[in-house]
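Visitor: Here the structure of chain D is known, so what remains is to put chain Z in place on it, guided by the hints.
Top to bottom, those sequences are chains D and Z. Just so you know, the first sequence maps onto residues 1 to 137 in my numbering. Just so you know, the second sequence maps onto residues 138 to 267 in my numbering.
These are calculated hints, taken from the structure and not from any lab test. Mixed in with the good hints there might be a few duds.
Stated by the list, open to error - Derived CB-CB ranges, DEER-like:
{"no.": "1", "chain 1": "Z", "residue 1": "P235", "chain 2": "D", "residue 2": "R74", "range": "35 to 45 Å"}
{"no.": "2", "chain 1": "Z", "residue 1": "R208", "chain 2": "D", "residue 2": "A70", "range": "42 to 52 Å"}
{"no.": "3", "chain 1": "Z", "residue 1": "D161", "chain 2": "D", "residue 2": "M93", "range": "23 to 33 Å"}
{"no.": "4", "chain 1": "D", "residue 1": "L95", "chain 2": "Z", "residue 2": "Q155", "range": "32 to 42 Å"}
{"no.": "5", "chain 1": "D", "residue 1": "R96", "chain 2": "Z", "residue 2": "L245", "range": "35 to 45 Å"}
{"no.": "6", "chain 1": "D", "residue 1": "Q4", "chain 2": "Z", "residue 2": "R208", "range": "48 to 58 Å"}
{"no.": "7", "chain 1": "Z", "residue 1": "L164", "chain 2": "D", "residue 2": "G61", "range": "18 to 28 Å"}
{"no.": "8", "chain 1": "D", "residue 1": "G61", "chain 2": "Z", "residue 2": "S233", "range": "30 to 40 Å"}
Idealized CB from N, CA, C, for every residue including glycine.
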Amino acid sequence: MSEQIITRSEILPIRTQIDLVHVRQRVRTWLSEERFTLIDQTKIVTAASELARNALEHGGGGEMEMSLLAVGARKGIRLKFSDQGPGIADVAMALRDGYTTAGGMGLGLSGSRRLMSEFDIQSSPGSGTVVTVTRWK
Amino acid sequence: MERIPILRIGSLLLVTIQVDLYDDLALQLQDDLSTRIAELGATGVLIDISALEIVDSFIGRTLANIAAIARVLDAETVVVGMQPAVAITLVELGMSLPGIRTALNVDLGMEYLRQAATGGNGVGTDHYAE
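Same shape as in the complex, but just chain D:
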């Protein structure tokens, strides 16, 4: 049984709309360098865009930490989005398709969960939100 190790890590700010573009570009660059398939790249970058926008719009900004994981020969990418916003009172409700408080489509959380292999959300009112997603190659 191989241990999971982090081979590469980087933190990007999420403060402006332009930061969202940088997040998308940076994730894309990594995935391309690590030879993820085009479809995987597109799914992961799209999920990153959704979650970064959530951190910006609902959390008032925050950051994304991206890490390249290796378990034996297997590689994966983990993206962790943190904000210090108002948090989410009802996480189960927020994960439903179509649930929105900002007038969007309500697909940010539920959609990005479908696009990634693993999805974790930690949030409570007043303490901000941390969403961690992973996709294995």
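Guide: Below, chain Z without anything else, positioned relative to chain D:
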């Protein structure tokens, strides 16, 4: 502020998105297109997204809004050139873009808009090509 150029070809408007589409730029495009449709009495709008590497829910919603506004202004919208990986991702995300007419490429999109403008049904209505 940066703007995405809108080209006019007869009664059609043509937009090719070749930059990273941040949210305000997408909303600016929506406003600019709405204005131009009304000013010019355009009958159709073609949006080429072949250079877009992702369409997330915000961009998808903006495209849907553009199509809806154009429809109210009596113009048809067709979105062309979506990359297959983008299409797969959009559907998995949960957005199948209902209400948006799509075509594989610019030629097919233009053909559709010209037929829509002349009220043709696509059978033998090739007079627009002359």
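Visitor: Are the hints correct? Go through all of them and say.
Guide: A quick look at each hint next to the structure:
1. Z:P235 to D:R74: 35 to 45 Å: Holds - the Cβ-Cβ distance for Z:P235 and D:R74, about 38 Å, lies within 35 to 45 Å.
2. Z:R208 to D:A70: 42 to 52 Å: holds, 50 Å
3. Z:D161 to D:M93: 23 to 33 Å: holds, 29 Å
4. D:L95 to Z:Q155: 32 to 42 Å: Between D:L95 and Z:Q155, where Cβ atoms are some 35 Å apart, the hint holds.
5. D:R96 to Z:L245: 35 to 45 Å: Between D:R96 and Z:L245, where Cβ atoms are some 37 Å apart, the hint holds.
6. D:Q4 to Z:R208: 48 to 58 Å: The hint (48 to 58 Å, Cβ to Cβ) holds, given that D:Q4 and Z:R208 are roughly 51 Å apart.
7. Z:L164 to D:G61: 18 to 28 Å: Holds: the Cβ-Cβ distance is about 19 Å, inside 18 to 28 Å.
8. D:G61 to Z:S233: 30 to 40 Å: Roughly 31 Å apart at Cβ, these two residues keep to the hinted range, so it holds.
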